[in-house]
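Peer 1: Please build the complete structure, drawing on both the sequences and the hints.
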Amino acid sequence: MPQTTATPWLPRIPDADRSLAASSLEAAVTARSGRRRTLRRKLAIGAVAGLVALMAFACADDGDIVTIHTAVDSDLVDALDTDDDGVVSRDAVAAANEQAELDAQREAEQAQLEAERAERDAARVAKEVAFRALLLDGAAVAASFPGGQVLVDEVRMNIADSPVTLMDDPENPTHEEFVSRLSSMIQLRLAGVALEALGFSVDVSASDEEINAQVQAHLEGAFEEFAQQRSVEEDPNIERLATPHCVSALAVTTEADAKAASDRVRAGEALSDVAVAVNLPGFTEFDGTIGCGQPFSLFGGGELALALLDLEPGGLAEPLMLPSAASPTGELWVVLHLDALLTDEIDLSSIGPFAGHVLTEIMSTYEVSVAPGLGAWRADSLRVSLPILP
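Quick note on our numbering: the sequence shown kicks off at 647 and runs consecutively.
What the hints contain is simulated information worked out from the structure, not anything from laboratory work. If you're wondering where the values come from, they're calculated on a predicted model, not measured in any experiment. Among the clues, some could well be false.
Pairwise CB distance ranges (calculated) [to be verified]:
1. R763 to A1025: 31 to 39 Å
2. D854 to A1022: 20 to 28 Å
3. G793 to S830: 31 to 39 Å
4. D849 to R1024: 21 to 29 Å
5. M967 to A859: 33 to 41 Å
6. Q875 to A1022: 28 to 36 Å
7. R1024 to G793: 45 to 53 Å
8. S1027 to L759: 53 to 61 Å
As a list, the in silico SDA-like pairs of lysine to any residue whose alpha-carbon atoms are at most 25 Å apart [to be verified]:
9. K773 to R763
10. K773 to D814
11. K905 to A953
12. K773 to V787
13. K773 to D815
14. K905 to F929
15. K773 to H821
16. K905 to L926
17. K773 to D783
18. K905 to S853
19. K773 to M831
20. K905 to G928
21. K773 to Q795
Think of the CB as a built atom: it goes at the ideal place given N, C-alpha and C, for glycine as much as any other residue.
Peer 2: In structure tokens, the structure reads:
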């Protein structure tokens, strides 16, 4: 895409944003004031509860009955004296005290929740205000990486030129939309930097379309061969997984039978003869043959496939148990035998591609700095994450 000159641009900051910021800050202050009011109310309730307790000691004691004298607040009498006879029970006093404490606790918890909500609202507004302020400076650096940087205006123009489907206003992206596109632009440039460092030419100063075309050409061409070789050097099992294995097996109903059949083969009997004598039908051919193929093609990604990686031609694996409805015990015990490795038929492309995996591993080692108002770079996911709110 040819380079274009950025036109003057000012993001719209509705008056509602400003009023929201003011109201959120006011809410936070109000919440703190609410906590003080709640404290005063708790003290008042505590005083009432204390008064009730003092009355219980000051009044004439007649068993479990407490007589209320004339100096006591009439409202309190009305609250505790349910039958209007001027006396209340000790249970009523205790219940009133307990209820007062529960009410105070609920109000304190509610006040705390309201204060926390107000603080979160204020933090969200502050985050949005900082984001909009950053977008006012198109020449500001949104992110920097080894050998380059991405400017705010470059991200904005990229979004405007190729907006995501259903985006409300490409000219005024949301924080999430801006960060998502910035992440993609960083990923593309890191891929170019990594390829360039490995000897595959990429011009990361070109347009996004040109960088992408260069990267894709390498991933679908010579770099895939490079990635295959690098992967095999790091993990030799990869080559084994790409190698056809010719396999036979003993398949019986119990672990004891599996060990006995295995011992017969180790003692010199032909596996085919032992298989004819002991194998359950269905899992192997009559003589114990399974066939030739790559481990995952033969057995999927289970234990049997992994067991083959530890065998050399002519070797027997330890017995492995598989659930089986065809077995009278509900268990199928299998002993694998590696007949041969077809090393002249190795096909790494059948378990690839490798280029993307190798490239992202390299990309994750690079340091990326993101403007504080936007978020933070996550190397594990190669993305910019939004600021974490309280």
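Peer 1: Taking each numbered hint in turn, which are not upheld by the structure, reported in ascending numerical order?
Peer 2: Violated hints: 3, 5, 7, 8, 18; rest satisfied.
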